[in-house]
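S.K.: Here are the chains, one letter per residue:
There are 2 protein chains.
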Amino acid sequence: MATMKQVALAAYPQGNPRPEDFRIEDAPVPEPGEGEVLLKTLWLALDPLIRFAIDEKPLTGITHVALGEVMYGPAVSLVVKSNHPDYAPGDVVEGRTGWREYAVVAPDRSDYRGPPRKVDPALAPVQTALGALGMPGETAYVGMIDTGRVQAGETVVLSAAAGAVGGVAGQIGKLKGARVVGIAGGPEKCAALLEQGFDGAADYKAPDFAQQLARACPEGIDLYFDNVGGEVTLTVMAQMKRGGRMAICGFIAYHGVGMEGPGPDRLPGFFRMLNAKSLEIRGFAGMMAGPEARTSLAAWYRDGKLAAPEAVVEGLEAAPAAFAGVFSGNSFVGKLLVKVSEPT
Amino acid sequence: MATMKQVALAAYPQGNPRPEDFRIEDAPVPEPGEGEVLLKTLWLALDPLIRFAIDEKPLTGITHVALGEVMYGPAVSLVVKSNHPDYAPGDVVEGRTGWREYAVVAPDRSDYRGPPRKVDPALAPVQTALGALGMPGETAYVGMIDTGRVQAGETVVLSAAAGAVGGVAGQIGKLKGARVVGIAGGPEKCAALLEQGFDGAADYKAPDFAQQLARACPEGIDLYFDNVGGEVTLTVMAQMKRGGRMAICGFIAYHGVGMEGPGPDRLPGFFRMLNAKSLEIRGFAGMMAGPEARTSLAAWYRDGKLAAPEAVVEGLEAAPAAFAGVFSGNSFVGKLLVKVSEPT
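Protein chains in written order, with our numbering: chain Y, 18 to 361; chain U, 18 to 361.
Please note that a few of the clues may not be correct.
In this list, chains with the same sequence are indistinguishable; a pair is considered to hold if it fits within one copy or across any two.
As the list claims (entries may be wrong) - Result set (BS3-like, lysine-lysine): computed pairs, CA atoms no more than 30 Å apart in a straight line:
| id | residue 1 | residue 2 |
| --- | --- | --- |
| 1 | K98 | K258 |
| 2 | K74 | K294 |
| 3 | K135 | K294 |
| 4 | K206 | K322 |
It should be emphasised that the hints constitute simulated quantities derived from the structure, not laboratory data.
Model, not experiment: these values are computed from the prediction.
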C-alpha cells in the first residue's frame with residue numbers, strides 16, 4: 018500500500034504556534050470511494066487565519082482541528098483519480114484539503130464553502146488560485162468594486178492590509194486611481210506596505226494609531242475596507258467623511274467572541290457615528306463574486322497590472338516551521354506557499 | 018407694552034411629564050432687532066421627543082431647557098415684523114421657536130437646523146409643515162425612498178411606527194406596494210397601527226416581541242427603517258433577509274448615552290449579523306431631503322394618497338396637559354398639535 022506524509026496537530030499552540038506543535042506522520046494514501054475524488058496536493062497556502070482553527074477552545078463559526086487530526090488549510094491539487102462526473106484526472110482544483118500529500122474529497126458532500134473549484138492552468142500559475150486569483154482576490158474584488166464602489170481620487174483605508182485580501186484590495190484601489198492607506202501591526206509591516214505601493218500606512222499597535230491614520234488621510238476617509246472590527250474600526254469610523262462607505266469583510270477582533278463581548282457596549286458610539294455622518298456600511302463575502310471578478314483579476318494579472326508576490330518553501334515537512342515563522346516576526350512579502358509536489 | 022403668554026419649565030419631570038412641571042407666564046412681546054424677525058405662533062407640535070430636552074441631566078446632542086426657561090419645540094408661525102430681507106410680514110414659517118405666543122428669531126444666527134423655513138399655504142393647511150409635509154415627512158421620504166429604496170412586494174419594518182415619522186414612512190411603504198409592519202410599545206398602539214393601514218404590528222414591550230415580529234414577517238425583512246437602536250434593532254436584525262437594507266434614522270435607545278453604554282459589548286453580534294447576511298446599513302437625516310421630497314409629499318397629500326391625521330387642542334395654555342397626556346396613555350392618532358392663534 019502506498020504511503021504519504023501528512024501534518025497532524027500535536028499540541029494546541031499556547032500563544033504563537035511553534036514547529037513542535039505539529040507532527041509529520043506517514044499514512045496510507047487513501048482510496049476514493051463512490052462519488053469521491055483523489056487529489057494530490059501541489060501547493061498549500063499558510064494563511065495566518067489557520068491559527069484560529071487550532072485554538073484549544075473551538076471558536077464560533079470557525080473550523081476546528083482536534084489534537085491528532087490533520088491540519089486544516091487551503092490547497093491547490095491535481096485530480097489523480099475520480100469517481101465523480103465533474104472531475105477528471107489531470108484537473109487542477111482548489112479546496113481546503115489540509116496539510117497532506119494526498120486527500121480524498123466528496124464534492125457532493127462539501128460544506129458551505131462548496132466543492133473543490135476548478136483552476137485553469139492556462140490563465141496563470143496554478144498557485145495564484147490560493148491568492149490573488151483565488152478566494153482572497155475575489156474577496157478583495159467584491160469589497161472594493163461591487164460593495165465599496167471605489168472611485169478615482171478617493172481616499173481608501175484597508176485594515177489587515179498586509180494580508181492576502183488586503184494586498185489585492187490595495188492594488189485594486191490603486192488601479193482605480195484611489196489613494197490607498199493600509200493598516201497593519203508594527204512598523205515593519207507598515208514599511209512593507211509602503212514598499213508594495215500603498216500611499217500611506219498606520220500601525221494599529223502604536224499608541225498614536227489614530228494620529229498616524231489622520232496624518233495619512235488629511236481629508237478624511239471615503240471608503241474603509243474592513244477585516245478586523247473592534248477598536249480599529251471605531252477609530253477609522255471617527256475619521257470617515259460624511260457619506261463615506263464601509264465595506265465589512267470580516268472581524269478578526271471578534272473571533273472567539275459570540276454575540277456579546279466584554280463591556281462597555283460600543284454599539285451606541287457606532288450608531289452615533291453611522292448616523293451623524295450618514296455612512297453606508299455593507300457586509301459582504303468573497304462568495305458573492307460574480308464571474309467578472311475572476312475575469313478582471315486574471316486580465317489584470319496577465320497585463321502585468323496585478324502583482325501576486327509569493328514566498329515559497331519546499332516540501333510538506335517545511336510547513337510547520339514556515340507557519341510558525343508567520344507569527345514570530347518573519348516578514349514575508351506576499352503569499353506564503355508550500356510547494357508540496359510537482360503536477361506529474 | 019403688549020404682553021403675551023409663554024410656557025416655562027417649572028420642574029424637571031421625574032419620569033413622565035405632568036402638567037405641574039410647566040408654568041404659564043406673561044411676558045412682553047419681544048421687539049425684533051437688526052436682522053431679526055418677529056413671529057406669531059400659529060401651531061405647536063407636541064412631539065414626544067421634546068421630553069429629551071427637559072431631562073434634568075442634559076443629554077448628549079439634544080437641546081436642553083433649563084429650569085425657568087421657555088419650553089422648546091417646533092412651531093408654525095406668521096411673520097408679523099421683519100428686519101431681514103428674506104422674510105416679509107405675512108410669510109408663514111416653520112422653526113423650533115418654542116411654546117410662546119410670539120418669538121423673535123435671527124435667521125442668520127440659527128443653529129445647525131437652519132433658519133425658519135418658508136411654508137406655502139397654497140399647498141396644504143400650514144400645520145402639515147409640522148408633520149407629513151414637514152421635517153417628519155421629509156425624514157420618512159429620505160429613509161424610505163432615497164436611503165431604503167423600498168420596492169413593491171418587499172416586507173418593510175418600521176420602529177417608532179406610531180410616531181410622526183413612522184406614520185408617514187408607513188404610508189410611503191404602502192404607496193410603493195410594500196408590506197408594512199410597525200413596531201410600537203403596547204397593544205393599544207399596535208392596534209392603532211393596524212387601524213391606520215399597517216399590514217402587521219409587533220409590541221416591543223411584550224415578552225414575545227421577537228415571535229410577534231416573526232409572525233408578522235414570515236418571509237423575513239427586506240427593509241428596516243429604524244428610529245430606536247438598542248435591543249429592538251438587534252432583534253429586527255436577526256430577522257433580516259440576506260442582502261436586506263437598514264435605514265438608520267435615529268436611536269432613541271441611546272439618548273443620554275455617550276459613545277459607550279453599559280456592557281456587554283453588543284458590537285460583535287452586530288458585526289456578525291451584518292456580515293453573515295451581507296446587510297446594507299445606512300445612516301441618514303431628514304436634512305438630506307432633496308426638493309423632490311417636498312414635491313412628492315405635497316402631490317400625494319393633494320391627491321388624497323397621503324393622510325396627515327391630526328389631534329388638535331386649542332390655546333397655548335392647553336399645551337402642558339396635552340403634552341403630559343402623550344406619556345400617560347392618551348392614544349392620539351396622528352400628529353398632536355396645539356392651535357395657538359389664527360393667522361390674522
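S.K.: Against each hint, give a clear statement of whether it holds in the structure.
M.R.: Do the hints match the structure? See the list:
1. K98 / K258: For K98 and K258, the Cα distance exceeds 30 Å both inside one copy (55 Å) and across copies (41 Å).
2. K74 / K294: Between copies only: 26 Å across chains, 39 Å inside a chain, cut-off 30 Å.
3. K135 / K294: Result: close only across copies, 27 Å inter versus 43 Å intra.
4. K206 / K322: within (23 Å within a copy, 60 Å between copies)
Hint 1 from the earlier list is the only one contradicted by this structure; the remaining hints agree with it.
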